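Asks: Take the sequences, apply the hints, and build the full model.
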Amino acid sequence: MRISELAPLLGLEVVQGEYSDRELSSGYASDLLSDVMANAKADGVLVTVQAHKNAIAVASLVGLAAIIVCNSRPMPEDMLEAAKTEGVALFRSAQSAFEISGRLWVALHRP
Amino acid sequence: MRILADLHNHSCLSPCASLEESPSLIAHLGAERGLRLVALTDHNSALNCPAFGQACRREGIAPVFGIEASSVEEVHVLCLFATVAEALSFGETLRGLLQIVPYDPEKLGDEVVVDADELVLDLPDYYLGAALSIGFDELCAEASRRGAIVIPAHVDRPMFSVASQLGFLPPGPYDAVESMSEPPRELSLGLCAISGSDSHYPEHVCRRPFLVDLPGGLLAASAAADASPTAEAALFAALRAELRESRVEPYWAAKT
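Protein sequence lines, in the order shown, are assigned to chains A and B.
If you're matching positions, the first sequence starts at 14 in our numbering and goes up one per residue.
If you're matching positions, the second sequence starts at 141 in our numbering and goes up one per residue.
Errors might be hidden in some of the hints.
[To be verified] Mimicking DSS-like on lysine-lysine, the simulated pairs with C-alpha atoms at most 27 angstroms apart in a straight line are:
no.	chain 1	residue 1	chain 2	residue 2
1	A	K54	B	K247
2	A	K66	A	K97
3	A	K66	B	K247
4	A	K54	A	K66
5	A	K54	A	K97
6	A	K97	B	K247
Hints in this document: simulated from the structure, not taken from any laboratory.
All figures in this text were calculated on a predicted structure; none of them were measured in a lab.
Replies: Written as structure tokens, this is what we have:
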């Protein structure tokens with residue numbers, strides 16, 4: 014599954030769409046950035062409610078491909094700018110991290 | 141006497157702070173901008189406190205030696221001490237609790253230990269921006285047990301705060317809370333609220349100080365080049381008393 018397939022499949026709002034499209038390796042759900050830093054995988058997608066610039070810093074450190082911000086959390090302008098600079102795809106959903114993670118798991122594990 | 145104080149500043153030891161922001165520059169800019177009492181509070185480490193103490197006394201202002209510790213829940217807490225020795229000792233304990241994260245200075249920022257003349261002494265090879273493996277309650281209790289002034293940092297911010305990570309401030313041994321504006325009761329428990337600059341760049345120094353009344357004699361004794369631990373402890377106790385009595389004027393109150 015590729016980054017560009019996320020939004021149509023999960024009904025996500027594209028908040029930052031400047032990225033190099035590629036195959037997603039995995040998904041990770043967490044709201045603790047130190048935990049993301051230690052356990053998320055490169056080219057993965059992060060499901061979180063952490064809507065601020067530091068989430069992008071961690072994403073770029075780990076090499077995450079995309080972040081899905083849940084519960085319609087508003088994202089500050091500096092977060093969008095950072096995501097653009099780092100080429101991290103940024104999506105938003107009205108659904109909870111539980112709902113999104115469940116649907117994402119199914120999509121990533123489809124044969 | 142009524143003075144400007146600021147208890148939240150990061151030096152070049154904090155990976156997220158500017159390399160320019162040496163302890164001596166904070167002391168110099170602080171003094172120039174009117175601060176009489178300044179704390180250094182790098183993330184999870186006190187290694188730049190010796191240089192900071194020297195630099196402050198060169199500028200004739202009183203230093204406070206602190207650490208901004210990051211609990212396992214990623215809540216930031218200011219832990220302030222009267223002496224360099226106490227801060228360094230607490231830092232040693234935190235060093236053992238720091239979660240190990242691969243540290244790439246290119247991506248995460250430089251961490252530089254310097255002396256008061258900006259000479260580089262050490263480049264720690266572990267990431268100080270990581271969380272500690274100790275819970276918020278336990279962290280505050282341990283800092284308090286060691287005699288620290290304990291202040292949950294920027295309680296109302298959307299990240300690394302009591303509000304963002306815990307939702308409310310649980311009861312604990314706090315002397316005050318630091319806030320960006322007048323905090324709601326669930327984030328202050330009615331305790332004294334101070335403002336803090338949380339400076340990471342030279343232009344941040346003294347951007348959100350607070351006003352407090354401290355005896356001029358104690359300030360002078362603690363700002364002297366040969367300040368004794370007794371003088372440091374006396375000023376520290378006076379500061380704690382003012383915080384506990386909520387006799388401070390934060391930046392947002394002074395502005396109006």
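Asks: For each hint, tell me whether it holds in the structure or not.
Replies: Right, here's what the structure says about each hint:
1. Annotation: proposed proximity of A/K54 to B/K247 holds, straight-line Cα distance about 17 angstroms (limit 27 angstroms).
2. Between the alpha carbons of A/K66 and A/K97 the distance comes to roughly 11 angstroms, so the proposed pair stays at or under 27 angstroms and holds.
3. Under the criterion of a C-alpha separation no larger than 27 angstroms, the hint pairing A/K66 with B/K247 is consistent with the structure, at around 14 angstroms.
4. Simply put, A/K54 and A/K66 have alpha-carbon atoms about 19 angstroms apart, close enough for the 27 angstroms limit, and the pair holds.
5. The suggested pairing of A/K54 with A/K97 holds, with an alpha-carbon distance near 20 angstroms, which does not exceed 27 angstroms.
6. Between A/K97 and B/K247 the CA atoms are separated by roughly 17 angstroms; this keeps the pair inside 27 angstroms, and the hint holds.
Every hint from the earlier list agrees with this structure, and none is contradicted.
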